[in-house]
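Trainee: Let chain A serve as the given structure and place chain B on it in line with the hints.
There are 2 protein chains.
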Amino acid sequence: MTSPESAETPSVPRQGRTATLAEIARAAGVSAPTVSKVLNGRADVAPATRSRVERLLRSHGYRRRRADASRSPLIELVFHELESAWAMEVIRGVERAARRAGLSVVLSESAGRHTPGGSWADQVAARRPHGVILVLSGLDEGQRTLLTSRSIPFVVMDPAGDPGAEVPSVGATNWQGGLSATRHLVELGHTRIGAISGPTRMMCARARVDGYRAALETAGLAVDPGLILDGDFHHEAGYRLGLDLLRRDNRPTAVFAGNDLQALGLYEAARELGLRIPDDLSVVGFDDLPVARWVGPPLTTVRQPLTEMAEAATRMVLELGREEKPTAGARMELATSLVVRSSTAPPAA
Amino acid sequence: MTSPESAETPSVPRQGRTATLAEIARAAGVSAPTVSKVLNGRADVAPATRSRVERLLRSHGYRRRRADASRSPLIELVFHELESAWAMEVIRGVERAARRAGLSVVLSESAGRHTPGGSWADQVAARRPHGVILVLSGLDEGQRTLLTSRSIPFVVMDPAGDPGAEVPSVGATNWQGGLSATRHLVELGHTRIGAISGPTRMMCARARVDGYRAALETAGLAVDPGLILDGDFHHEAGYRLGLDLLRRDNRPTAVFAGNDLQALGLYEAARELGLRIPDDLSVVGFDDLPVARWVGPPLTTVRQPLTEMAEAATRMVLELGREEKPTAGARMELATSLVVRSSTAPPAA
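Going line by line, the protein sequences match chains A and B. So for the first sequence, UniProt numbering puts the first residue at 1; every next one is plus one. So for the second sequence, UniProt numbering puts the first residue at 1; every next one is plus one.
Only chain A is shown next, with the shape it has when bound in the complex (with noise of 0.2 Å):
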């Protein structure tokens, strides 16, 4: 019995070893050095040839060995947007290691990417960079292909969704800090505590809401659904959600506000109300973004190491270029601390 992809390619190999180039060619009715003009990202291939090949060597898990000295001295950084807030902070960590390990930091945003040049993975497999680190940004199957078939590693940093267990990741203890933050809340006397959290599409808003929760259930406290809104980490959603907590007759005292952005926009639903930060309120962010010291009152909040995460990250990537096979699944939390500073306080008497 034969699976469907066997059949179509008898002639190579598919257990026990990997198949090389030249039988890929073979398979695919062409030469070599056109395998590995598509390996390399070259414009003269037609395109009908090209897809055959990348088919073949997607059905057959083609892995290119390793030769370092092909590589060009780059590391690739992509984001999905550059609009994140602490965008910055990832490129400092990812700058910081490449330039230890020599490499420079080619840096990219894949939404809405379409270039006459060929699709940004293509770009990319073009380039031959030493790994490629992708923030708050998945790849599709085809994506992952080019990539593996070219044994360039990547590594996703602080995934949006759930990256399967197979992909290589870095985050932060996201559940753990909504657990310190709530806490931090009860153990300074507030029983009405309110959350903003992130889109439900993110992994790291469910996480976060999710030890909020547990902070609120250990402590003996009941967990009331109507005070747990869904913003989507913008400042926008920090002001209409707060304006819509802070405005009931049996508002909360507290809020944890799933990132610093939101906590922002939390404190000018405060302000356009008259409540005062934290005699009235008290307000507990997440990232430690540096604005959070900046804002008055200076903000509580839940430090992710967004720079050292980009950092590890990094050094992740190079472990996988090094090592014959890259480890798979392996995944990296660094830990949240909480950073109390002046927007918390006990609930006004």
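These are computed hints drawn from the structure, not numbers from a lab. Among the hints, erroneous ones may be present.
Because identical chains cannot be distinguished in the list, a pair is counted as satisfied if it fits within a single copy or across any two copies.
Within a straight-line C-alpha distance of at most 25 Å, the following computed SDA-like cross-link-like pairs (lysine to any residue) qualify [as the list claims (entries may be wrong)]:
hint, residue 1, residue 2
1, 37, 102
2, 37, 271
3, 37, 51
4, 37, 101
5, 37, 70
6, 37, 128
7, 37, 145
8, 37, 23
9, 37, 126
10, 37, 228
11, 37, 72
12, 37, 303
13, 37, 73
14, 37, 127
Owing to the predicted nature of the structure, the values given are computational and were not obtained by experimental measurement.
Mentor: Chain B only, in chain A's frame:
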């Protein structure tokens, strides 16, 4: 009569046309491929040979003929340090313009850069980018020669000091910005207006304070040198110098803070002294970072179009690359504009 340089290398023409690669090779006593290797940043050239060739390239103003095909689809973006609060705005603009041109962005930091692979400029030369954008960072003579001899154009963005008349650069109308910030305060009725400047070695800081002075003088108000303090564009300076200004018996009723970060430091100083903004103190910033909208009260500031400036610098460097001879001394200044929010009001009666 001959100059020392031409006496040193009599076989190479100095005037009328630039030296050819073969002529440089003959003068250096090496083969043309060796000169080529030096130009391409290859490691397999003896250091003594390399520096002899570099010296000749410099003294004869050698300029490689452009061959677009041999260039990598890259733009280099170089920060002196990645610490700048507005680096993200610049990165976004360069990325946007580069993407439109089908190019990717290599990001690096020039401060303290000593990598095993040679100097920063050597690495840039070896990558053969379409151009280099330097942010708050100049080039020394050797780096400039290295780029010029490879026909790699460069543009300086928002120069901290005087970039020199022959260096293409993009900035903002800093003087005009300082003028309109201060005029706004004068029009509100303030007569005792302080200023916290950036570092005096930065031309942009000087220009802003000169605009402040011009606004006072044209309004018939005396300029009190004791009300102008030199900061460094960081939050801490705004706080420290803010305390200095606000603790005086005859304290100013308004302050032009030089940039947004110093304005936020000034906010903190005012909070600490129990002064309300804008009731007791009006504050104007400069830059219009995203945070200016989020602080309490939202900050009146001078918008510097950083993303547009970065896009303009990218377009300029690509234009320079397309011309046979770069336009020496191109300098572009984009307009600043006053954004009035809630941190300014008439002085208390």
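Trainee: All hints are to be evaluated individually against the structure, with a verdict given for each.
Mentor: Now for the hints, and whether the structure bears them out:
When the C-alpha separation of residue 37 and residue 102 is checked against a cutoff of 25 Å, the pair qualifies only between copies, where the shortest distance is 20 Å, while the shortest distance within a copy is 27 Å. Taking the shortest alpha-carbon separations for residue 37 and residue 271, neither the intra-copy value of 61 Å nor the inter-copy value of 64 Å comes in at or below 25 Å. Taking identical chains as interchangeable, the C-alpha atoms of residue 37 and residue 51 lie at most 25 Å apart only when both belong to the same chain, with a minimum of 12 Å there against 37 Å between chains. With identical chains, the CA atoms of residue 37 and residue 101 are at most 25 Å apart between copies only, with a shortest distance of 24 Å across copies and 28 Å within one.
For a Cα distance limit of 25 Å, the shortest separation of residue 37 from residue 70 qualifies both inside one copy, at 14 Å, and across copies, at 17 Å. Both within a single protomer and between protomers do residue 37 and residue 128 lie at most 25 Å apart by alpha-carbon distance, with minima of 13 Å and 21 Å respectively. In this assembly of identical chains, the alpha carbons of residue 37 and residue 145 lie at most 25 Å apart only when taken from the same copy (16 Å versus 36 Å across copies). Within a single copy, residue 37 and residue 23 get their C-alpha atoms as close as 15 Å, which meets the 25 Å cut-off; across copies the closest is 37 Å, which misses it.
Within a single copy, residue 37 and residue 126 get their C-alpha atoms as close as 10 Å, and across copies as close as 23 Å, so both meet the 25 Å cut-off. In the homo-oligomer, the alpha carbons of residue 37 and residue 228 never lie at most 25 Å apart, since the shortest distance is 54 Å inside one protomer and 64 Å across protomers. For the identical chains of this complex, residue 37 and residue 72 are neighbours both inside a copy (17 Å) and across copies (17 Å), given an alpha-carbon limit of 25 Å. In the homo-oligomer, the alpha carbons of residue 37 and residue 303 never lie at most 25 Å apart, since the shortest distance is 46 Å inside one protomer and 49 Å across protomers.
Taking the closest pair of Cα atoms, residue 37 and residue 73 come within 25 Å of each other both inside a single copy (20 Å) and across two copies (18 Å). With identical chains, the CA atoms of residue 37 and residue 127 are at most 25 Å apart both within one copy (13 Å) and between copies (21 Å).
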